[in-house]
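J.: When you get a sec, could you build the whole thing from the sequences and use the hints?
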Amino acid sequence: MKQSASDPDIPLPVSISIRTKDRNHHHHDSLPIDVVCVIDHSGSMAGEKIEFVKQALKDMIDLLHHEDRICFVEFDNRVNRVTPLVRASHENKKWMVKLINAIEASGGTNIDLGMRKAFNVIKNRKHKNPVTGIFLLSDGLDEGAEWRVAKSLADCNIPEFFVIDSFGMGHEHCPKLMVEIAKLEHGGYYNIEEHNEVDECFVDAVAGLMSVVAVNVIIQIQLIGAIQMQKGYGDHWEKDSLGNNVIMMNNLLCGGDKDFMGEFAMNYQVESTEIPQIIVKFQATIPGTEQIIYKEKNIKLPTYAEFDQYQDLDEDPEVLANMHRVKAAAAILACHDLKKEKNHDKALDNLQQIIDDINQCQKSDKDKMKHLIRDLKECMDVLSLHETQFEKKRHKLVEKAHAHLNQKSHGEAHNDAHSNALQKRLVTAMMKKKGFD
Amino acid sequence: MGPCTSSQNNVKVRYLESHLVDNANDFDDEPIPPFLNPKDHINDFDWDNDIVIDVRPQKKGFL
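Going down the list, the protein sequences come from chains H and D.
In terms of my numbering, the numbers along the first sequence are unbroken and rise by one, the last being 1585.
In terms of my numbering, the numbers along the second sequence are unbroken and rise by one, the last being 109.
Any given hint could be a false lead.
Okay, derived cross-link-like pairs now, EDC-like style, lysine to aspartate or glutamate, Cα gap no bigger than 16 angstroms in a straight line [said to hold, decoys possible]:
no.: 1; chain 1: D; residue 1: 105; chain 2: H; residue 2: 1513
no.: 2; chain 1: D; residue 1: 105; chain 2: H; residue 2: 1456
no.: 3; chain 1: H; residue 1: 1448; chain 2: H; residue 2: 1422
If you only want the chain H side, here are some residues facing chain D, beta carbon under 7 angstroms, derived [what the hints assert, rightly or not]:
no.: 4; residue: 1274
no.: 5; residue: 1361
no.: 6; residue: 1364
no.: 7; residue: 1366
no.: 8; residue: 1445
Everything labelled a hint here was simulated from the structure, so no lab data went into it.
Glycine is no exception: its CB is placed at the ideal position from the N, C-alpha and C atoms.
T.: Rendered as structure tokens:
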């Protein structure tokens, strides 16, 4: 529908993108990392699950360079720091394998205890590698753990930047809980549907840490003239102390391609003599240094007099595809809740509506969204399942929504469009080792 | 305040148990060589040119 310049709050979707060159590097040509693995070894992990996790931890250690350091924390309803933060030297690797082999499953699940320990390990370390991550793996439910972990994190007040990647194993874990914990430090959520995929997910995440080229990324959005921001999609949007909208990321990976979507609104009823503009100021720190990189990009938007001419221009297919992507992600999450409220028909109608909207686009634009349509159809299949089956598969919805909302790698597919070359190569090598092509 | 319920007792026991096991001091991380220059590790990435930001509105071609 064509808008008039005199309408209030005319919607204006905008994409703000960061592209980083891929390095195609070897995993040993990366910045040294500190990684703390927080592993649930409660009774429900007994049998196949704990054995796959143990093997995955050993495979991950194999990838680490002698300057990388690793710490293992195991928790049930108690916590045990299995190893301090130690270098991945040849001798240490042999020692760690013995300790990993000794992990046994028993007890309940208290995620906060494990995470609190990990936060203390990071806070109290005397030496610091330039890139740090916490991997949390759990298969269970722990109601309210996201609040307790958030409080523990705030209490710890850790000055350095690190990410939390969460790995939900099996169909009994709570995907939203794991997403919320990962979101605390802008990390990813991996849904490990098949137990034998845990190694691929760990490898994807560790390759992500090995691909970091900048930390503490802050992208400030300044608006001039008759434009306002209404909504930012994804977990990275925040407000700074001056009330500006900002996008925050703890880590920036090489080979990354991130498009942050915002809904802005032109409002020419607000009197302003200035030409409407969006100014984007990027800053990030080179890891292990105090050196900050600055970049800036401005775009001018139509004035009142130019608005009709602007309306007649073609849609930018990239912006269109990204807007459909984030709206679909939000809808998938909403449908997860609708299904839980037994409003199954409305959930299916909502997703079908998004597919219909995409199908209205020109063919070339639609082609850009074929993966999105595939995922939406997969989500509709999950929503159509009987309640007990849905409970086992609902993690898929949260995983798809989270991945599309944040363009995150989710580890389940080695050809994931959002993985970089190192992630793809190491995950593919892991799959080959297991006999998958 | 009334008597401590069974569930409160369980919470207390759980807390104490967790702290009995969680006794490592975390200050014992293994030293690493000093980190001097990121280019010693990454020599194929140019921070000035290999990070590109872009902003695009809904319609293309407006300058």
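J.: The structure should be examined with respect to each hint, and the outcome stated for every one.
T.: Hints, verified against the model:
no.	hint	result
1	D:105 / H:1513	holds (14 angstroms)
2	D:105 / H:1456	holds (12 angstroms)
3	H:1448 / H:1422	holds (11 angstroms)
4	1274	holds (6 angstroms)
5	1361	holds (6 angstroms)
6	1364	violated (14 angstroms)
7	1366	violated (12 angstroms)
8	1445	holds (5 angstroms)
In terms of the numbered hints stated before, the structure departs from hints 6 and 7, listed from lowest to highest.
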